[in-house]
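Student: Residues per chain, in single letters:
Protein chains: 2
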Amino acid sequence: MKKHNFSAGPCILPQEVFEKASQAILNFNNLDLSLIEISHRSKDFVAVMEKAQALALELLGLEGKGYKALFLQGGASMQFLMTAYNLLENKAAYLNTGTWSSKALKEAKLFGEVVEVASSKDQNFNYIPKGYQIPSDADYFHCTSNNTIFGTQIKDFPATEVPMVCDMSSDIFSRELDFSKFSIIYAGAQKNMGPAGTTLVVLKEDILGKVTRSIPSMLDYKVHMDKESMFNTPPVFAVYTSMLTLEWLKNLGGISAIEKINQQKAETIYGEIDRNPLFTGFAQKEDRSHMNATFNLTEGANAALFNELWKEAGINGINGHRSVGGYRASMYNAMPLESVQVLVAVMQEFERKS
Amino acid sequence: MKKHNFSAGPCILPQEVFEKASQAILNFNNLDLSLIEISHRSKDFVAVMEKAQALALELLGLEGKGYKALFLQGGASMQFLMTAYNLLENKAAYLNTGTWSSKALKEAKLFGEVVEVASSKDQNFNYIPKGYQIPSDADYFHCTSNNTIFGTQIKDFPATEVPMVCDMSSDIFSRELDFSKFSIIYAGAQKNMGPAGTTLVVLKEDILGKVTRSIPSMLDYKVHMDKESMFNTPPVFAVYTSMLTLEWLKNLGGISAIEKINQQKAETIYGEIDRNPLFTGFAQKEDRSHMNATFNLTEGANAALFNELWKEAGINGINGHRSVGGYRASMYNAMPLESVQVLVAVMQEFERKS
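Listed in order, the protein sequences are those of chains A and B.
Letter by letter, the first sequence follows residues 9 to 362 of this note's numbering.
Letter by letter, the second sequence follows residues 9 to 362 of this note's numbering.
It should be emphasised that the hints constitute simulated quantities derived from the structure, not laboratory data.
Heads up, none of these hints are tricks.
Covered stretches of chain B (in silico footprint by chain A; criterion: 3 or more residues with CB under 8 Å from a CB of chain A, positions within the stretch not fixed):
| # | stretch |
| --- | --- |
| 1 | 12-24 |
| 2 | 33-43 |
| 3 | 76-88 |
| 4 | 213-226 |
Note that CB positions come from ideal geometry on N, CA and C, so glycine has one too.
Isolated chain A (complex conformation):
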């Protein structure tokens, strides 16, 4: 029995992606060679890298708009320092909406002045600050579009002349946005795009070249852009599996199609959280994430019974992060609506049996 996998990341990918990736480990492109034993300079793998980059730009609607898509290593955590290394000459503005924003902000401080334009730490990050000012002389403004741990998501991005840098690790490719408003978008693959081990960085070419410090080659966006993500050996398997996932999304109808499904999943789970007297949502309603629904049991509800019921139903990975407690249902692109319906049925069964 296949599980209903609500893991926060690494997380569920489409079944056809698992099958194709598994097959490629045995015999890739009928070469009688494994995907992971061929040269990354071979034409078969170069085609994979080129296709993955092209699909990323196409799906985001950024083709022909001066952007490059890179597949790098090190996760969003590496981007926390690379963005600052490459962009921060004098001052940067950061919006603090949770654990990952805070970490990004901490790394940036090694490179220059950092202004925290707003923070929702006062309420354990259960909302997205609004109405803050971004200093017009900032080199860039950094934000985190979706906060996996707290279950909040930025619905409206600020209007600013300052270049915007966004960590979209946990909601990229999940909803339509005007992605051309951003100068840099980065995302660890292991939510909506692929397995852990590669990071998509989408860069507007004109954002670079404005800092005076020397940048080590591996941290220099320019180097990776010039070498088309092949400055050194890329993480072959993670890039290939990301390409498969992006292909799956394109065949499904792209971001506009998946956004509708994500909307349905979110309505299904939040509807039940709001209806069922045994549950209470963690995040403020207007800022609720469509990727990660965070919720707690109400006072006196029987946690042991609920835990037993969801485990019996084949549900995996809904324990909340220790910073929030309770539960977290992560519903990334590859999660079928059916799995959310199974969870809701369990919540209703829990109500009946309580």
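Knowing the structure of chain A, use the given hints to seat chain B on it.
Tutor: Only chain B this time, still in chain A's reference frame:
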């Protein structure tokens, strides 16, 4: 037909590793979940990481000797800058034996004074310099144990009081050495250890804490040591597949067992290069690599015929690097002796038909 894959890296891995890795993508540990969709904090994956780290230390004979094994991202190229970031306060000594040494040296220069103690660039890196002096006040001495492009390998490491840092990307786990002579050993996985996407870093704990600069978290060895390679999401698939490869090596009898096979493979190919009048070796004999045999055709030999013959025999990946030309037969741990014998048979057929 399975190919005879002489690719320089990414390269051949044991067939049983391909099979187990492929299966884990579909269903890992009978969890009814894919390896790549589970949390990296789950007990099943934590066990993989712990086992991979323990196997690395065990195979190198470094258990209980004050070392930690880390699985990081970014390849050896990231280590070029991380070693300098973490260790270079005043001056470092580098031995230049080829392309990768040169790149390591270039990155280190951003962080302090770099002394090139010797270089074999004068003869296109076809030998390993000897008899050089390492300044006793250097923070560390850096060398590259095996040079994939040129086919040379350090047989005797210098006796020095200066801490030794070695890039063993292309010959780690291939031969017995006193690994405790090194303070840091690093190696991109994609030759003898696994697929591209992770890098083994073996560190002696007392080497750290000697520089005054602030180090970004992702570049700080101390951070990764304290978090047991789990500061952020590790490259799950690459670590798992590396673990499988290290298990395979242990079951085979460890480094001493594979060294004998590697010795046989090297004698087989170099014996033919030296015997066959149509071929000439590139590297000086005493410095020949047991991992990568580089050779050219002698004047007037028919390259088109040779290329036709090895392709017909199912041989893959023996074109030489553009810096050297000719051919390169990479014979990493997982390459069976039989494949080398097939190549030698082709070289002999070429002689008969020429």
